[in-house]
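Participant: Fit chain B to the known structure of chain A by using the hints.
Residues per chain are reported as follows:
2 protein chains.
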Amino acid sequence: MDSARSIFTARNLMVLSLAINVSFILRLGYQTFDIKREQLIGGDGARREALSTQRAHLSVSTTSSSSPTTFPGEDRHRVINLDHGDPTMYERFWQQVGDKATVVIPGWQSISYFSDIGNLCWFLEPEFAKQLLRLHKIVGNAVTEDRHIVVGTGSTQLFQAVLYALARPGVEEPISVVSAAPYYSSYPAITESLKSGLYKWEGDALSFSKEGQFIELVTSPNNPDGYVRDSVVNKSGGVLVHDFAYYWPQYTPITSPADYDIMLFTLSKTTGHAGMRIGWALVKDREIAKRMVKYIELNSIGVSKDSQLRAAKVFKVVSDSCESSRDTTESLFEFAYHLMVERWQNLRAAVKRSGMFSLPEFSPGLCKFTGRFFEPQPAFAWLKCEEPIEDCESFLRSNKILTRSGTHFGVGPQYVRISLLDRDDNIDLFVERLSNIRKDNLYQHMGE
Amino acid sequence: MDSARSIFTARNLMVLSLAINVSFILRLGYQTFDIKREQLIGGDGARREALSTQRAHLSVSTTSSSSPTTFPGEDRHRVINLDHGDPTMYERFWQQVGDKATVVIPGWQSISYFSDIGNLCWFLEPEFAKQLLRLHKIVGNAVTEDRHIVVGTGSTQLFQAVLYALARPGVEEPISVVSAAPYYSSYPAITESLKSGLYKWEGDALSFSKEGQFIELVTSPNNPDGYVRDSVVNKSGGVLVHDFAYYWPQYTPITSPADYDIMLFTLSKTTGHAGMRIGWALVKDREIAKRMVKYIELNSIGVSKDSQLRAAKVFKVVSDSCESSRDTTESLFEFAYHLMVERWQNLRAAVKRSGMFSLPEFSPGLCKFTGRFFEPQPAFAWLKCEEPIEDCESFLRSNKILTRSGTHFGVGPQYVRISLLDRDDNIDLFVERLSNIRKDNLYQHMGE
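Chains A and B supply the protein sequences, listed in that same order. Here UniProt numbering is used: position 268 in the first sequence is 268, and no number is missing along the way. Here UniProt numbering is used: position 428 in the second sequence is 428, and no number is missing along the way.
Bound conformation, chain A alone:
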């Protein structure tokens, strides 16, 4: 078996990866889909710049992201897009893992719509369900007993499934949807997108006082600021939805298994596979889970089986490595933990050196998964620009750093959210640029 596998690895995989790489040639690691996209690819000049940036770094993405192949002159003009949380820092880990995480799918797979008739969520692949339960058990970040699993096309689709499930169609007034500011910028955008009569975005949970039923979204650790959170609305009639996208041991200490009625997770921030579009919900109430499944039936008649099979495989590799050794580069969580330590250290040093910015401060906690006592090191930096900078996003954009303005998160323009999950060379260059912005050369940076 081993000799057969090595032949397969060395030859077939090479040929097959060549074919797959065709689709990789124009792949993007610097592009936003959400807010800034038009700015970048709208104009031909900007598009050329983005493409040339990308091509210059292709070898980085397929070999090692720690050794950029760009020349210093190029770096100076490079646009660094850290607007969205594209988790490309995980590429290097999965390249190191090699063929253990490879999936082979024959042509006769994924014919039927159905995955598991016995399950309330009939489009849930049993192997995916098995592996995610195993991973939660190992990490200890969520109670999984007596829960229904609902798989979604990312946790984005599951969020909409939750809104549909919790709304009461017979009631005249739409259910209110709130979250404490700063809140994840997609919550209002999605909730308002279809002018639904079932639910309505009502903004900041801290100032919410409307009568009637409501949904409070609790993201913990929070996107964008990284703080561990609890619900804030202090009145009856509310249903809590917990978004635990970032409750993993590379970002924050796992202090206890989360135990709530509706909990959302996403593959993109767990293993880094954003392009698979896989999320899952752990749901206590059977009727709510059923209505979530109904939404996904209506919205997309289930979820890609191929991606569920791949997700099962990467979970298995992660769990296997956790069980065999926790302190080597074999472990995804160790790899990502150490990378985040380094990035936050460098970023805090740059912020200190600059004197023009500030970052959230966190209290350390004991992580029951690793046994480590450490401070949260979130996937995003929630950066505040100090005076006289008023619009932090515009200021950084003029320094060719694309971020997302605080205004999208329900707060002021002095804040921005910056992804720290990008490839090494982008993060390094960003930190370097930031550290060179000083009070004494500020107007030069503003005028650039």
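Simulated from the structure, these hints should not be mistaken for laboratory data. A hint or two may mislead.
No copy is singled out in the list; a pair is fine if it fits within one copy or between any two copies.
What the hints assert, rightly or not - SDA-like cross-link-like pairs, simulated, lysine to any residue; straight-line CA separation at most 20 angstroms:
id	residue 1	residue 2
1	K284	C367
2	K200	E172
3	K290	S186
4	K195	Q213
5	K200	V171
6	K195	I288
7	K200	R168
8	K195	E172
9	K100	E172
10	K195	D99
11	K384	R438
12	K290	E192
13	K195	R168
14	K195	V171
Facilitator: Chain B in isolation, oriented as in the chain A frame:
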């Protein structure tokens, strides 16, 4: 290379398929997701029956669906679920194709959200786009020049993207959505599901007379009745959306390349891979395509890359076989065409023998792809029960045949839609049961 591949095929694939088969054990071929699901799995008795039916037929699904392993006594009590269009008849073809259609995906694939920065549809895999253009060119069923391709999580998601793209958020009144009855049952269900203020289902296009802007959905060949269709609303202010899910040469003669502004297609009815959840739209207008992309960003931040890579591969296999020989079992279209010929012949003979039902009659046409002159042989049978049967769906259900009532398609209960894309043994048993229903034993069948 060849020897390496054969070792891979014989050993690795066997081991890997064992793993994949774990998820296959409970796979369903008899279950509806849409209307009848609760009936079947709601009660424990029904669930046991469905599961035991399924287990009894597992060997069919993994070997050949033409040799059922059930005993005659079991068949008599078996529930045959032909309510939805689960295209499991294609499994046998892809099993025959073997490893040519196998896809190998390494663990470092599908990390980034992005597939193609240069493309308006930034989550479209270039290889998928290339292969679908090639297939349309070979089959000649759609004009692809000067079109934007938008990929979706099935054409179901694309339908919603179209509604979002064509709605005008600034306008007070929602845009009307209509389709000539009998129309696809999911159109009203989806359009009404979120009580959107952007669009509103207004039912049968033939009786539509409301003022203002409207969207007319034209499904051709039509789901459920199989007829080739044109738009029917005769007034200005309308935008046509063409659903060409069934405009492929196994179902209907390809008379000319379709040439419309917005055309929807789906993998599930082309190659049979419903579980991949892949559809695509060919869109003339750039602004409409952009808004469709925006919807998919908001709804699911793109579409599974893994499934797009698999779809590209199965398209390639289909196109390759078309180019090398059109008349052997190597060709998907030939395989499916001959199966549909046989199924429609048997069904028409059974309907004739019974005397209690009727089916649509079609005019033959010249298929420019195959050069054949043939009658449409749709994916669904649109069956009418003759008097004294009033509720065709209930009547067939009492004979353990699950179908979808005409009431869901905007017409009366004397009609039902029956999937003809199921596995051979289910279709054979259904046809046999139908042929045994006669006027002289009708009350026995009604009382069962």
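Participant: Checked against the structure, which of the hints given earlier come out wrong?
Facilitator: 1, 9, 10
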